[in-house]
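Read off the chains here:
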Amino acid sequence: MTQVAPRRLDTFTLASEPGNERLALARVAGTVQDLGLSDARLERLKTAVAEATMNAIEHGNGNRAEIPVEVEVTQDGDEIIVAISDQGGEIHPDASGHEEPDLVRKLDGDQSPRGWGLFLIRNMVDAMDVTTDGQRHTIWLTMRIGGAAT
Amino acid sequence: MTSACEATTRALPGAAVIELSGEVDGSAAAVLTDAYERAVTAGAEDQDTVVLDFAAVDYINSTGIALIVSVLARARAERRKVVASGLSPHYREIFDITRLSDFIQLFPDLDGAVSQLSHPAA
Chain A
1 MTQVAPRRLD
11 TFTLASEPGN
21 ERLALARVAG
31 TVQDLGLSDA
41 RLERLKTAVA
51 EATMNAIEHG
61 NGNRAEIPVE
71 VEVTQDGDEI
81 IVAISDQGGE
91 IHPDASGHEE
101 PDLVRKLDGD
111 QSPRGWGLFL
121 IRNMVDAMDV
131 TTDGQRHTIW
141 LTMRIGGAAT
Chain B
151 MTSACEATTR
161 ALPGAAVIEL
171 SGEVDGSAAA
181 VLTDAYERAV
191 TAGAEDQDTV
201 VLDFAAVDYI
211 NSTGIALIVS
221 VLARARAERR
231 KVVASGLSPH
241 YREIFDITRL
251 SDFIQLFPDL
261 DGAVSQLSHP
271 AA
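First to last, the sequence lines map onto chains A and B. Numbering-wise (our numbering), the first sequence opens with residue 1 and increments by one. Numbering-wise (our numbering), the second sequence opens with residue 151 and increments by one.
Hints are computed from structural coordinates only; laboratory data are not their basis. Note that the Cβ used here is the ideal one computed from N, Cα and C, for glycine as well. Please note that a few of the clues may not be correct.
As the list claims (entries may be wrong) - Restraint-style ranges between C-beta atoms, simulated for each label pair:
| id | chain 1 | residue 1 | chain 2 | residue 2 | range |
| --- | --- | --- | --- | --- | --- |
| 1 | A | Met128 | B | Ser177 | 25 to 33 Å |
| 2 | B | Glu228 | A | Thr13 | 40 to 48 Å |
| 3 | A | Ala127 | B | Thr158 | 17 to 25 Å |
| 4 | B | Ser265 | A | Arg144 | 37 to 45 Å |
| 5 | A | Asp39 | B | Thr152 | 18 to 26 Å |
| 6 | A | Asp108 | B | Asp246 | 15 to 23 Å |
| 7 | A | Asp102 | B | Ala154 | 25 to 33 Å |
| 8 | B | Glu187 | A | Glu99 | 24 to 32 Å |
| 9 | A | Arg136 | B | Ser177 | 26 to 34 Å |
| 10 | A | Val4 | B | Ala206 | 55 to 63 Å |
| 11 | A | Thr131 | B | Glu187 | 44 to 52 Å |
| 12 | A | Asp10 | B | Asp198 | 44 to 52 Å |
| 13 | B | Leu162 | A | Gly134 | 55 to 63 Å |
The following block holds chain A by itself, in its conformation from the complex (with noise of 0.2 Å):
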């Protein structure tokens, strides 16, 4: 069997200003729309990169729109892997004590109703890795692209 080398589709940085996510959810989908993925799973995709990417804004580099929120986007075989780095460091401020958003517990008043970014993330894709490397934070999300459709 043939090893295909990784292959990077984009790469491009955001100004850490509140609603640039949604550009990162828009060059991201354009990137990958004709690699195979379902609608489904693409809807999965762009709302893991709209999370990941607010988070890395908001959490990573504290809204300041000069510290770029950086994203690269690799094929690897049947894998889509999205790679969104801020300068959060060591201790994301959102990993770090991130309690499990449980809606019972919202409803009734004793948990935020916030909290859903890192749950959502890690429901839509097929998997999310942290790595950090002295400032640099990077989430990693991979979608299969044969994935099931559900």
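Fit chain B to the supplied structure of chain A, relying on the hints for placement.
Quick look at chain B alone, frame taken from chain A:
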């Protein structure tokens, strides 16, 4: 590319309808809160159901989910039922994953929701 959230409200017998459009994200907080207030105070006192129609909504993010949770919490505290209509398959899935659909009955469209509310036995 982005479109601000807007809401129109109307009162039906027994139900307050909030039709949302645009993006349900953090910037929608005031719009959603005001719309809820307007919707439940505009109609008769027997309005025990709030219908959220998402047919013209093109984006919901995690902050928008939090806003919907807040609306649901308030409605439950006021003993009102919340139903939703017009969600795309993707956002229906998100309502399932977050368990919102355990507490909010989902209808394919607003007409279906209103019809069901008017004729619950049908």
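Is it true that the C-beta distance of Glu228/B to Thr13/A lies inside 40 to 48 Å, as the hint says? 46 Å, holds
Assuming the hint says 24 to 32 Å, is it satisfied by the Cβ distance from Glu187/B to Glu99/A or not? At roughly 30 Å between Cβ atoms, Glu99/A and Glu187/B fall inside 24 to 32 Å, so the hint holds.
Per the hint of 25 to 33 Å, is the separation of the Cβ atoms of Met128/A and Ser177/B within bounds? Because 26 Å falls inside the window, the suggested range holds.
Thr131/A versus Glu187/B beta-carbon gap, inside 44 to 52 Å or not: Distance hint for Thr131/A, Glu187/B holds at roughly 45 Å.
Quick check: does the Cβ-Cβ distance between Arg136/A and Ser177/B fall within 26 to 34 Å? 29 Å, holds
For Asp39/A and Thr152/B, compare the CB-CB distance with the range 18 to 26 Å and indicate the outcome. 22 Å, holds
The hint says 15 to 23 Å between Asp108/A and Asp246/B; measuring C-beta to C-beta, is that right? 21 Å, holds
Is it true that the C-beta distance of Ala127/A to Thr158/B lies inside 17 to 25 Å, as the hint says? 41 Å, violated
Asp10/A versus Asp198/B beta-carbon gap, inside 44 to 52 Å or not: Given about 50 Å between the Cβ atoms, the range holds.
Starting from the hint 37 to 45 Å, judge whether the C-beta atoms of Ser265/B and Arg144/A obey it. Given about 40 Å between the Cβ atoms, the range holds.
Verdict for Leu162/B, Gly134/A (Cβ pair) under range 55 to 63 Å: Holds: the Cβ-Cβ distance is about 58 Å, inside 55 to 63 Å.
Range agreement (Cβ of Ala206/B with Cβ of Val4/A, hint 55 to 63 Å): The hinted range 55 to 63 Å is violated for Val4/A and Ala206/B, with Cβ atoms some 43 Å apart.
Of the numbered hints given earlier, the model fails hints 3, 10; all others are met.
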